[in-house]
Structure formats: C-alpha cells, structure tokens
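Here is how the chains run, residue by residue.
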Amino acid sequence: MSHSVKDIATALGAQAFGAVDLLIERVSEPGHAKQGDLALATNPKYAEDLSNGHARVALLWEGADWQALGLKAAIIPSRPRYAMSALTRMMDPGQGTDAGIHPTSVIDPTAQIAADVSIGPFTVIGARAVIGAGSLIGAQCFVGADVTLGANAFLREQVSIGARAQIGDRFIAQPGARIGGDGFSFVTAEKSGIEAVRESLGSQDDTDGQPYARIHSLGAVQIGHDVEIGANATIDNGTIRDTVIGDGCKFDNMAQVGHNVVMGRDCLICGHVAIAGSARVGNNVVLGGMTGISDNIFIGDRVITGGATKVLSNVPAGRVMLGYPATQMDKQVETYKSIRRLPRLLRDVADLKKAVFKTPSND
Amino acid sequence: MSHSVKDIATALGAQAFGAVDLLIERVSEPGHAKQGDLALATNPKYAEDLSNGHARVALLWEGADWQALGLKAAIIPSRPRYAMSALTRMMDPGQGTDAGIHPTSVIDPTAQIAADVSIGPFTVIGARAVIGAGSLIGAQCFVGADVTLGANAFLREQVSIGARAQIGDRFIAQPGARIGGDGFSFVTAEKSGIEAVRESLGSQDDTDGQPYARIHSLGAVQIGHDVEIGANATIDNGTIRDTVIGDGCKFDNMAQVGHNVVMGRDCLICGHVAIAGSARVGNNVVLGGMTGISDNIFIGDRVITGGATKVLSNVPAGRVMLGYPATQMDKQVETYKSIRRLPRLLRDVADLKKAVFKTPSND
Amino acid sequence: MSHSVKDIATALGAQAFGAVDLLIERVSEPGHAKQGDLALATNPKYAEDLSNGHARVALLWEGADWQALGLKAAIIPSRPRYAMSALTRMMDPGQGTDAGIHPTSVIDPTAQIAADVSIGPFTVIGARAVIGAGSLIGAQCFVGADVTLGANAFLREQVSIGARAQIGDRFIAQPGARIGGDGFSFVTAEKSGIEAVRESLGSQDDTDGQPYARIHSLGAVQIGHDVEIGANATIDNGTIRDTVIGDGCKFDNMAQVGHNVVMGRDCLICGHVAIAGSARVGNNVVLGGMTGISDNIFIGDRVITGGATKVLSNVPAGRVMLGYPATQMDKQVETYKSIRRLPRLLRDVADLKKAVFKTPSND
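Residue numbers (the UniProt record's numbering), protein chains in the order written: chain F, 1 to 363; chain A, 1 to 363; chain L, 1 to 363.
Derived by calculation from the structure, the hints in this document are not laboratory data.
If you're wondering where the values come from, they're calculated on a predicted model, not measured in any experiment.
Don't be surprised by glycine CBs; every beta carbon is placed ideally from N, CA and C.
Do not take every clue at face value.
Distance windows between CB atoms, simulated [said to hold, decoys possible]:
no. : chain 1 : residue 1 : chain 2 : residue 2 : range
1   : A       : 200       : L       : 225       : 30 to 40 Å
2   : F       : 94        : A       : 328       : 26 to 36 Å
3   : A       : 317       : L       : 89        : 31 to 41 Å
4   : F       : 99        : L       : 32        : 56 to 66 Å
5   : A       : 90        : F       : 94        : 16 to 26 Å
6   : A       : 101       : L       : 194       : 46 to 56 Å
7   : F       : 99        : A       : 23        : 17 to 27 Å
8   : F       : 316       : A       : 195       : 44 to 54 Å
9   : F       : 65        : A       : 194       : 46 to 56 Å
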C-alpha cells in the first residue's frame, strides 16, 4: 500500500517537489500527520495546522511555498479536490476480502462467473446469472436468476439484486443496497379515494374503503456503467418495461427509485431522496438530501434541488429549485425573507386599517 | 408461462375478441410489442403507438375498435387499471426460486414447516416458528423464535422477522424488510430537555445533559392478512403490548412504523413514510410519500395525505391533508398561492403607508 | 423469567407493598392484566382500566392507594417512566438466540473472540476482528476485518460492520443496521454546477454535464460506549479521518450519518433523520423524526429539533428549532399562525387600496 511521492504525483497528474522518493503509507489531516503520512492541505487555511503537526510531506494548494512550510517534499495538483479521487483510490486499504470463490457460497451451476471473480461467504448466485471479469462480490450477497453484472463490479456485504436486472461495468453497491424489489403499485376494483382526490384536488368520495389488488412487476431494472448505489438504498422493478438508470449515476444511502423511473446519465442523488414511480429524470441532475420527486413528473437536464426540496410538478432543464412545494431557489429565498416579515406586515395593516377606516383593530 | 387470449380474458373477467386461441407469452408496451406479446393500450392515447408497433394482440380501452387498429385479437376489460392486477399476477415470471427446503438452511427442530413450503439457501428459522402452507421463503431470510407466518407467505431475499411476530396469510415482504426491531424508547433519570420543551413549546431547562436509559420492547408485532412490506421498510415491536397492522395494509420501501402503533385495515403507506411511536391510524388511510406522523396522535379513517405532508396533530376521518405542518389540502393550496403573492403585498403595504402616513417606506 | 414483586421493586429502587412474594411473569396493560402479570398503571387515568381488569399486582403512580384499587401487591417508584427501563430490562424475553458459536459461522482464524461470546448461524467475522466479552452476535451478521467491538455488544440479525470500525462497550444494533459504508463523495474534473450554485445561490453555469469521479473513504467509523443503532440505519466511513459518534448516542430506524460527521455524547436521533457529511453535532442534541442537517454545519450542545425540521445553517447551543428552513420553535409557531392569516390580510389590503387610492382591486 506504500507509494513514492513521485508515483502519487504522476497518478494525480500533479507536480512533485523535494524528496520525491519518500514513501507514503497513509493520508492524514495536517494536524495529525506523522512520518509516512501525506498531509492534505488543499487550502491556505491549513498552513497553521501543518506547521503545528509533524508532516514531512503534504499535498498543497496551488502556489503554496512548500519549503517555507518546512516540508521535505510536496505534491501540488491543479485542482486539489479532483486530485482527491485518484489519491484516495490509490490509498484505499479496501475491505480485506479474500480473493477467490468462498467454499460456502451457493452458485447455480448455470451461472457464468468470469475467471478472476471473488465471491464472499454465504453469497448466493442464481440460475443463468452472469458476473463480469474482475468483480468482487462481498459476503452474504444475493444475485438473482438471469442477472447480468458487468466487469469490475464491487458489491459490499449483504447487497441483493433481484431476478433479471441488467447492470453495466464498474457497478458499486454499498451494504444492504436493494436492486429489483417489486414496484409499489396497487389498484382498487372501483375508483378509489386517491383517484377522486387527484381529480378534485381536495375532496374524496365518501365511499367505503376498498381492499387493494396488487399489480406485479413484470419488468426488471436496467443500470448503465459506472453507477454506485448507497447503503440500504432501493431501486424497484418496472411494471411492464424496466426501470432505467443511466451511466454514471450515483445514489447515496437510503435513496429510493420507484418503478418505471427513467433516469439519464451522471445524476447525483443524495441521501434519503425518494423518486416516485414513473418519474423521468434527465442528465446531470443533482437532487439534494431528502428531496422528493412526485410520481409521473419530468425533471429536465441539469436541474439542481436544494436539501429537502419536494418537487410536485415538472421542472424544465437547468432550473435550481428549493422548498416545499419546490420553486426556483432565488424566488424561494425571497419568499422565506417575506415570510419572516409577516408579523410586522400584520401590524402595519392593522395600523393602516385603524387610520383609514377609523375602526379599532379586532384581530 | 404462456396463456391463450381466451384464458387471460376469463381470468380478467373481460371480453375477448378475434383469434382468442393465440398464445401470449409476455406483456409489453404498445410501441414495443412483438409476436407473442399482449400490448397494453388501456387508453386511446396509445392508439398511435399501437399502429406504429408490431402488436397482434392488445388489451384495449372500453369502446376501442380492435379491428380498425389492425389487431388479430383483443381483450377489453371494463376497468383496465384493475385488470392489470389479475393480468400481471398471471404473467409474473417470479424470482426463479427453487422449490423445496434448501439444504444449507438452518431450521430449528421445533419449528413447524408445512409440507409445501420452499425455503432458500442460508435462511434461518427459529425455535417454535410456524410457517404456513404454500409459503415461499427466499434466500438469507431470518424468521425468529415463536414467529407465526400464515399461509402463502412470500418473503424475498434477506428479510428478517424478529421473535414472537404473528403474521396472517398471504404476507409479502420485499428484500431487506425488517419486522420486529426493538422500539426507539429511552428515558432519563430526571426530567429531560425534551419533556421540558413539550410542556413549554419552545424553551428547555438549561440543565446538564443526562444519559439515556433504554426501555426494552416486551411486545412484538401483529400483522393481519394480505399485508405487504416494501424493501428495507421497518416495523418495530411494541413496548408492553404489540404493534398492530390491520388486514390489507401495504407499505412501500423504507416506510417505518414505530412501536405501539395501531393501524386499521387497507391502508396504503408510500415510500419513506415515518409513523412515530404510539400513533393510531384508522382504516383506508393513504399516506403519500415522505409523509411523517407524529407520535401519539390519531389519524381517522379514510384520511389521505399528499406527498411530504408532516402531520403534527390529530386528523379527523375523511380529511385530505397537505403541507408542513399539515392542513387541509384545499386550504394549503390557497396558502401556497397567498405566499406567492407576498412580495407584491409587501410593496402594496409600503405604498399604502406612504400614502396614508406620508412617511417614506423604510423597509 | 419470573421475579418476585420484592425483587422487582429492589431492582427499580421502588417501594413494594402487600404480598411481595407473588411471582411476576409478564408486564401488561391494566385492562389486559391476568394472574402472573404486573399491570402498568403509571398514572391515575389508568385506575378505571385497573378496576375493570383482573390485575392482582400493579406498578402504580406515586401516592396511589393500592389497597383501594383491590390489588394484592403493588410497586410504587418515584419516577415511573424511568422505572420502565430497569423493569423492561428484567422482563425482556430476548430473541431466543442459542448460546455459543454456531457451527455454520465463518470466523477468520486471526479474529479474537472472547470466551463467552455467542455468534449466530451464517455470521462472518473478518481477519483480526476483536469481539468483546459477553457479546451476542445474531444470525447472518457481518463483522469486517480489523473491527473492534467492545464488551457486551448485542447485534440483531443481518447487521453489518465494515472494516476498521472501532466500537465501544454495550453497543446495540437493530436488524439491518449498516456501519461503515463508504461516504458519498464525488468530484468533477472542472467546477461543477453544484459548486456554481453554492457560490451564486441560484444560478449555475450552463456548461455541459461532467461525469463524477469517486472519492474513496480512507477513514472508518469510531463509536463510543452505550450507543444504539436502529433497524436499517447507516453510519458512513470518514474520508481521511474517521466519522465519530460519542458515548451514549441513540439512533432510531433509518437514521443516516454521513462521512466525517463528529457527534458528541448522549444525542437522541429519531427515525429517518439524515445528518449530511462533515456536520458537527454537540452533546445532548435531540433531532426529531425526519430532521435533516446540511453538510458542513455545526449544531451546538442541547439543541432540540421538532419533527421534520430541516437545518440549513449553524445552530447555537441550547436552541429549540422547527420548520423548513429551521428557525427557533417559538418564532416558527408565530410564523405558522401569521401564514394562516394571509388570505384575510390579502383581502384587507385590497380594501385599503380601494379606500386610499380609489381604484378597484384588480387582484
């Protein structure tokens, strides 16, 4: 796991200075850096921490004077935040999973497992499943019948993938991620209270309740390349056709994608986001934590939502949204300010009424 | 898995037309239908897709002229959306689970498993558990001690059910569903800051913090017939008595039901809904996605909440609610409109003040 | 599991009256109490239920006249709610887990398991993991490489703990809890739309979308003593240093703690709460259900949030917060009231405009 300063700089496309043959074993914060550490000081505000600690090597902000900081060597990338990706990939100690197929795993004889795949203990691989080369399937995972998993997948422990899911290369799933649960789709024999409310926006028939009949999901889940799914996140099967997730989408913990949703590429979906059934989401969309997207609506390309935004209707491409119900972020911020002025406004109007109508305020 | 047009129509209680002996292997969308498919065109808006595709058989809206659409056969149900239930049940390819008890499963010798039950690999069935006839328990499930699971249960992979849960017939649990975690109940030796805030609605004692002591859940979970629990959803044990879920309730992914909650029958609980401890929920209640229900409150029969509604106090039967805090949907929509007029209102009042009081606006 | 009235009272530090040698097998609600039960009547409002039931022994409110209630014995603690903790701990029937190490578990030979630890079927313990004395690890759990778990841990079924987590004594994890998933951290090669929005608060560059590069988590999770994690809750690894949870923190179901978060001691985090990456949370903080905490912000000691509060900026110590965006609870309640008066306010201003400007309202 140890790399020279020079090799790290090369991997990062960054410049290396000083004793570039020093070996790095760990990455650390400037104040805690010890011998063998690369201190991360991507911003001048870390200069003091760096001086107070014992760092000998650091990754620094552009323009930093590494010698004045008392270092023996330094790496200076052009965009330090981006350099973090290659750096953390190099230095990731991994989960310590053993190579090879664990003898306790249960693999259907019709499954196709590439030669260099690792499979952890108590993992189940179903009939006709295909696991791509270089994949690492953790302990206690479930890969259902007829699933295709591309090359270099990384499944952490206790991930489950339901039958017929088709998943591209370099898929990552955090612990407890669930692909291919059935969609949540129920119907009543007669028109239901919900259908009445959707029509009337506010009142429902006063009919007796009815039991729900289940609509089974006949579709599965299709996931592109380079997708990551967070811990305990869920992506449901489609009803007739598949639920579709485009290349490069990333989902944080407990994100939910309902049945029939179609998402474009390179979306960033933060924690506890829920995208309801049959919504369509464009490319490069960012949904802040706890955002909700109503069923059957459309979110255009490059839309960004702030934390906890609840989107109840279509959003055109490029919009930045906030609030419940979602409105454009700048208008929403204006609204929040106006609301804060409400108590004073109420007093002003009471005064005006007194002055104009000569009546006492009775509010 | 293939069925004749005639048999499908009979199962749906629908009328069949044309070449009713044609065999159907799959259901598909009108534009993608191939030979052997039943195209779903439940609405005249699909007529064009139908013409552009290669569908030979379709399920059509009432009054459709199937011959004019160039079809060889058609099925016309009276309520197409409802027909979807029987249709998708017939055509569901399932998860490909093997029949029988997998040799790797660990089943306590005192458990009672009906003769025609299937149990997947690495599943654990605890002491004195009872599994009803026709049940299909997926891989890597956990059924705790003294659990009763009714007939025809279907547990997907990695479902867990804690000790003493009593569950009715036809129970369905999606991957990662959790029944019978302990309730979230803690207490401090002295009155806590939360108790002070609940009394004062806004300020707390400035006392030092206290550690929390745990209240164990002595109760379990009771679930009626025909209940479904979504992927990674959780239903907690009760404290002294059981948490109770009535017949026919359906829960979407990541729904949460706290300890001591009592729910009636036929409720529809959407994704990411949280029902806090000791809340009581009536019959035929519908909670939209991300709805929150405060602890200890009462939700009457047939209440419906819109997406992301946060219910902080009791709601009488039949109400349709929206917003945070929840108010009646029509009033809430009115409020949203009023709020949007606030910036203009602020300007109007400034103008009025200038005119009436002859003072410049200083806002 | 049966205890005498006298022994229970002693364990609770409460007074016992009457036939203190009677044996108690169960705790029950006053109306349902049978022979062998201890009826819980912590409040005079339960007196009638008590009279209507068949309780012979009850735990009563201070000052209750147990003889007048027709009981044979009674226990009277000074703070009945607090007494519930010791009482339910004594009477907890547990999950019926077998003692000892189940033969199907897979334990790395380098792991250190104390002599009196129980480990359930299909559980995996990784290399160099250390499991403290008296711990009970349920079925199908995963404890990763180099994890340290303190004494008397209790892991329910299907809990997973990623590599290198360090956890104190008396840790409790409910089913499906996930410790040590990777943090949600991604970066683009060029400045992204999100970075632009954070600077401008409302508009983004109209550049084409970019793919995301992953920042791996090199840190792990550090958890203090006496911490409990709810069902399907998740705590992510830190990026460079560890995510830190202080002693005594309790998390309800589906709570999420992002990478790098540092939390103090004795916090109570309710269901569906999401704490985003790098947030800092003080001591004795209480976050109501569905609260959201933005990334990188600071929540002071003893802060309390009401249900569904969304905290978008720092909160000083001692504040009680509510709403979206979060404001102080008393101001927020005032705001809610003002908003309810808005429709009338709009009418008043229309009237004023008519009177002052002699123009017809055109709203």
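Hint check results:
The supplied range of 30 to 40 Å is met by residue 200 of chain A and residue 225 of chain L, whose beta-carbon atoms lie about 32 Å from each other. The hint said 26 to 36 Å for the Cβ distance between residue 94 of chain F and residue 328 of chain A, and at roughly 54 Å that hint is violated. Checked against the hint of 31 to 41 Å, the pair residue 317 of chain A and residue 89 of chain L passes, with Cβ atoms roughly 39 Å apart. For residue 99 of chain F paired with residue 32 of chain L, a C-beta distance near 57 Å keeps the hint of 56 to 66 Å intact.
At about 47 Å, the beta-carbon gap between residue 90 of chain A and residue 94 of chain F misses the expected band of 16 to 26 Å. One distance hint, 46 to 56 Å for the beta-carbon pair residue 101 of chain A and residue 194 of chain L, holds here, with the actual separation near 51 Å. Taken as a hint, the range 17 to 27 Å is violated for the pair residue 99 of chain F and residue 23 of chain A, whose Cβ atoms sit roughly 48 Å apart. With their beta carbons about 48 Å apart, residue 316 of chain F and residue 195 of chain A fall inside the hinted range of 44 to 54 Å.
Checked against the given bound of 46 to 56 Å, the beta carbons of residue 65 of chain F and residue 194 of chain A, roughly 52 Å apart, stay inside it.
Hint violations for this structure: numbers 2, 5, 7, all remaining hints satisfied.
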